[in-house]
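One letter stands for each residue in the lines below.
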Amino acid sequence: MNNYMGILSAGWLIIGGALVLIAGTFQKVRRRIPELSIAIGGGATLLNGLLAWFYPLPKSGFFGMVWGGGIYSFLAAGVMLAITVGLSFLWRSHREGGYRGWEAFPLTLFIGAALSTLPASNHLLLSVVALETVSLGAYVLTGLSWENRYAPEAAVKYFLLGAVGFAFLLLGISYLYGLTGTLYLHHLWPMRWTAWHGNSLFALAMVLIAIGILFKLSIFPFHWWAPDVYGGATPSSAGLVVALGKLNAAFLAGVFLHYIHIPSDWLMGLASIAAISSLYGNLGALGQTSIQRMLGYSSIAHGSYILLGLVSGPEGRLQAWGYTLVYALTSTLTFGLLSLRAEPMEYKSLRGLGYNQPGYALAVAICLASLSGMPPLIGFFAKYGIFTAAFRAGYWLPSIVALIGALIGYFYYWRPIAWMYQAGEEIPIRMPALALSTGVLVGLGLLPMALWGWLDYLYGLAGLFLPRP
Amino acid sequence: MFVVVLTIVSLSVCGALALIGGALAVTLRDPIYAVLALVKAMLGLAGIYFLLGAEYVGAIQVIVYAGAILVTFLFVVMLVNLSPEDIPPFPRGIALYGNLILAVAWLLLLSTALSAILEIPAPEQVLLHVEPLPYLYGTLPPLGKALFTAYAFPFELLSVTLLIGIVGASLLVQKRPSS
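In the order they appear, the protein sequences are chains A and B. Its first residue numbered 149, the first sequence is counted upward by one per residue in my numbering. Its first residue numbered 16, the second sequence is counted upward by one per residue in my numbering.
The shape of chain B in the complex, shown without the other chains (with noise of 0.2 angstroms):
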C-alpha cells in the first residue's frame, strides 16, 4: 500500500512537473529560458517513464532530449542571437480567444479522463487475449529484440523520414545562383 501511495504521489509530482516546463516553455518571453523550461518538462517525462517501469527509454529521454537534443537547440537560440525585444507581442485578440478555447478543451480533457477512470470496463471484458509482460520488460534486450524483428520495417521507414528532413532541408536552404 504504501508504494502504491509513493508511486502515485511521484508521478503526479513528475506529471506536474513536465506539465509546468511545458507551459513555461510556451509562455516565457526570453527564447533560452523557454529552452530551459523544456528541459524541465523532459525531465518529468523522464521521471514518469523510469517510475511505470521503462528504465531504458527514460534514461534515453535524459541522455538524447535533455543532454543532446535540447543543447543543440540552446545552441539555434543563441546563434540566432534572439533577445525578448525582438520578438513581437501576441495579437491580443488572438491571445484571448487562444486561451478560452485551450481553456475549453483543458475541461473537456480534464472531466474525459476523470468518468474514463470511473467507468473503464475491465480488460478481460473487452481484449480476447490479455499478453503478459515480457521477460526484462523495460530493459534493453526485449526492446532490442523488437526493434530488430516485428518493427525492423518501421524503423527502416524511419530513417527515410529522417533522409527527407535532411534533403528538404538542404533543398530549402538552397540560394538562387545570381547568373
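Bound conformation, chain A alone (with noise of 0.2 angstroms):
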C-alpha cells in the first residue's frame, strides 16, 4: 500500500533543507551553506534522474496521494535542475554582498520539495498545498535584495496578487469539491463530465480555477503584475522566480486538463487568449529598454506558448510541460547571466561585454537565442513542438498569431547581443562563465530528440495519451 519513492525526492529535500537550516546556526559553518545547499540540489537532481530511468513506470504511493517514478521524477529532475542552476547564481550574488542572508538557499531546498511533489500529486489538495508553498517561497526570492531599490515593492506587489490569484483558484476548486464529492485525481478521470456541460455551477467554477491559473501563469487580461514584478524583483533570483511560476502554473493546468474534461469550444477560447496574449508580450518587450522589464514582457509571451500546447490535447501537454522545464532552465541562466549588479540594468550598461569577457558574453548570447528559438538550440525545438501541436489539434488562427508573436520576440531578444559587442567600457566579473550550464543548453539543444524522445516514452508509460472512456 505504501510506496515511498513518490516522496523520495522531496523527503531527501526537506530533511537537507532542515539540516542547512540548523547548520547555519553554527558560525563556522555558515560560510559553507551555499556550496551544502547547491549539492542537495544537485543530489536530488540527479536521484530523479535515475528514479526516471529505472523505474520508467510510476507507481502511486502513501495512500494513493503522490506518483513516484517514471515521467513525474523526470519532471522533478528537470525542476531541480534549474533550482540547482539558480542557486550557483543566488551563490555568486551572495558571496559579492548586497544580498540578505543565507537562509535563502535552504529556503530554495524547500521549494524544490513543494515544486517537484506538484506534477505528481494524485490529489487536488495536495497541488494546491505544493502550488502555495512554491509561491510563498517565489514572493521572498524577489524581495531578496539590499541594493534595488524595487525589490520590495515588487515582492509586495507579488504577494498580494498571487494571493488573490490563489484565492480564485481555490473558490473554484472548492465548488468543484462540491460539484463532485471528492478531490482524488482517479475519482474525477471517470466521470460523466458531459453531464455537467451547459450547468452554470461547473461554468464558475471552471472560470474560477481557469482564472487562478492564467494568473499564474501571466495570460493576458491577467497578467498586469508581471513586468513590475519580474522588472523589479532581485536580479540574480528573477529568472528563478519567473521559473518557478511557470512550473507551478504549467504543472497544475496539465494535470487539470487531463483529469477533466473540459468543453472544446472553451479550450478553443483558452487558444485565442494565448495568441491574444503572445502579441500583447512580445509587443510589451519591444519598447524596454531594461533588460529585467524587457524579460519580464517576455515572460508573458512564453506564457501564452505554454497555454497554447495546454489546450492542445494530450500531445500539447506534453509539449507545453517540455516546453516548461526548457523554458525554465534557459529564464534562470539568462536571468542570472545577465544580473551583473545588484540592480535593474539597461541596455546599454552591457556596451563592451563581448570584447571584455567573451566567454561570458558567448554564453549570454547563446541563452537569449535559445529563449529567441533559433533554430540549433532547445528553445527552437520546445517552440516547434508546441506550435505543431497546436496546428495539429485544429487551433489554426490563434497558432498562426502566436506565431507572428514569436517572430517579433527575435527583434528584442537580439538587441542585448547587439549592445554587448559595442565597444564600452570594462565590467567587472569576478566569476568566470557558468560555461558548464550553457554546454548543457547547447549539448540538450544538438540532441532534443533523445530527451523528448525519453520525455515522450515516459508520459505514454503513465498513461497520459489515453483516451476518455
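Don't read these hints as lab results, they were simulated from the structure. All values derive from a computational prediction rather than experimental measurement. Think of the CB as a built atom: it goes at the ideal place given N, C-alpha and C, for glycine as much as any other residue. All clues given are correct.
Cβ-to-Cβ under 7 angstroms is the rule here; a few derived chain A residues that face chain B:
{"hint": "1", "residue": "I162"}
{"hint": "2", "residue": "F210"}
{"hint": "3", "residue": "G249"}
{"hint": "4", "residue": "L255"}
{"hint": "5", "residue": "L273"}
{"hint": "6", "residue": "L274"}
{"hint": "7", "residue": "V277"}
{"hint": "8", "residue": "T281"}
{"hint": "9", "residue": "G285"}
{"hint": "10", "residue": "V288"}
{"hint": "11", "residue": "G291"}
{"hint": "12", "residue": "W294"}
Mimicking DSS-like on lysine-lysine, the simulated pairs with C-alpha atoms at most 30 angstroms apart in a straight line are:
{"hint": "13", "chain 1": "A", "residue 1": "K305", "chain 2": "B", "residue 2": "K190"}
{"hint": "14", "chain 1": "A", "residue 1": "K305", "chain 2": "B", "residue 2": "K55"}
{"hint": "15", "chain 1": "B", "residue 1": "K160", "chain 2": "A", "residue 2": "K207"}
{"hint": "16", "chain 1": "A", "residue 1": "K305", "chain 2": "A", "residue 2": "K496"}
{"hint": "17", "chain 1": "A", "residue 1": "K176", "chain 2": "B", "residue 2": "K190"}
With the hints as a guide, bring both chains together as one complex.
Printed below as a string of C-alpha cells:
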C-alpha cells in the first residue's frame, strides 16, 4: 500500500533543507551553506534522474496521494536542475554582498521539495498545498536584494496579487469539490463530465480555476503584475522566480486538463487568449530599455506558448511540459548571467561585454538566442513542438497569431546581444562564465530528439495519452 | 419540515452575519473595528460549520480563528498604533471602478448560483458511486484518521509551507549590516 518512491525526492530536499537550516546557526559552517545547498539540490536532480531511468513505470504511493518514478521523476529532475542553477547564481551574488542572509538557500531547497511534488500529486488538495508553498517561497526570493530599491515593492505586489489569484483558484476547486464530492484525480477521471457541460455551477468553478491558473501563468487579461514584479525583482533570483511561477501553473494546468473534461469551445477560447497574450507580451517587450523589464514582458509571451500547448490535447500537454522545463532552465540562466549588478540594468550598460569577457558574452548570447527560438538550440525545438501540436489540434488561427508574436521576439532578444558587441568600458565579473550549464543548453539543443523521446516514452507509460472512457 | 425550515433560516442568518462582518472588515476606517468585524465574520462561518454537521471544524474555527489568530491580529494592530488618520484615503477613481467591478461580479455570482440550484443534475447522473458519510461524520475520530493516514503527506507538506513562511519572514526583516 505504501510506496515511498513518490516522496523520496521531497523527503531528501526537506530533510536536507532542515539540516542546512540547523547547520547555518553555527558560525563556522555558515560560510559553506551555499555549497552544501547546491550539493543537496544537485543530489536531488541526480536522484530523480536515476528514478526516472530505473523505474519508467510510475507507482502511486502514500495512500494513493502521490506518484513516483517515470514521468514524475523526470519532471522533478528538470525542476531541480533549474533550481540548482538558480542556487549557483544566488551563491555568486551572495558572495559579492548586497543580498539578505544565507536562509535563502534552505528556503530554495524547500521550494524544490514542493515543486517536485506538484506534478506527481494525485489529489487536488496536495496540488494546492504544493502550489502555495512554491508561491510563498517565490515571493520571498523576489525581495532578497538590499541594493535594488524596487525589490521590496515587487515582492509586495507579487504577494498581494499572487494571493488574489490563489484565492480564485481555491474558490474554484472548492466549487469543484461541491460538485463531485472528491478531489482524488483518479476519481475525477472516469466521471461523466458531459452531464455537467452547460451547467452554470460547473462553468463558475471552471472559470474561477482558469482565472487562478492564468494569473499564475501571467496570461494577457491577468498579466499586469508580471512586468512590475519581474522587472523589479532581485536580479540574481528573478530568473528562478519566473521559472517557479511558470512551472507551478503548467504542472497544475496540465494535470487538470488531463483529468477533467473541458468543453472544446472553451479550449478554443483559451487558445485565442494565448494568441492575444503572445502578441501583447512580445509587442510590450519591444519598447523596453531595461533588460529585466524586457524579460518580464517576454515571460507573458512564454506563458502564452505554454497555454497554447496545454489546451492542444495530450500531445500538446506533453510539449507544454517539455517547453516549461526548457524555459525554466533557460530563463534562470539568462537572468542569472545578466545579473551583473544588484540592481536592474539597462541594455546600454552591457556595452563592451563581448570584448572584455568573450566567453561570458557568448554564454549570454546563446541563452538569449535559445529564448528567442534559434534553430540549433533547444528553445527552437521546444517551440516547434508546441506549434506543431497546436496545429494538429486544429487551432490554426491562434497558432499563426502566436507564431507572429514569436517572430517579433527575435527583434528584442537580439538587441542586448548587439549592445554587448559594441565598444564600451570594462564590466568587472568576478566569477568565470557558467560555461557548464550553457554547455548543457547547447548539448540538449543538439540532441533534443533523445530527450524528447525519453519524455514521450515516460509520458505514454504514465497513461497520459489514454483517451477518455 | 420544521427542522428543515429552521436549518435554512439559521444558515441564512449565519451567512448574513459572515457577509456583513466581511464587508465591514474591508470598509471600516478604524483598524481595530475592522479586526472586530472580522471576528464576527469568523463566528458566522463557525455557525455555518455547526449547522452543516462539521462540529469539530466549527469548534476549531471559534477557538483558533476567533480566539487566537484574531487576537494576534489585534495585538499587531495595536502594536503598530495605526489611527484612522494615518491611513491615506482611497483614490476615488479606483474606488469607483472597484465598486463597479465588484457589483458586476456579485450579480454574475448570484445569478449563477440561482440558475445552478435550478438545473443541478442528480448525483447519480454524474458520479459513478456516491459514498455514504462515514461513521461519526463531522467529529474528531474520522478527521484524525484521515489526517494521519490518507492526508498525512499534504499535512506534512503544510508544515513546510509554514517553515517557508517563518524563514522568509526572518529573511525579509533582516537589516543591512553597517560595515
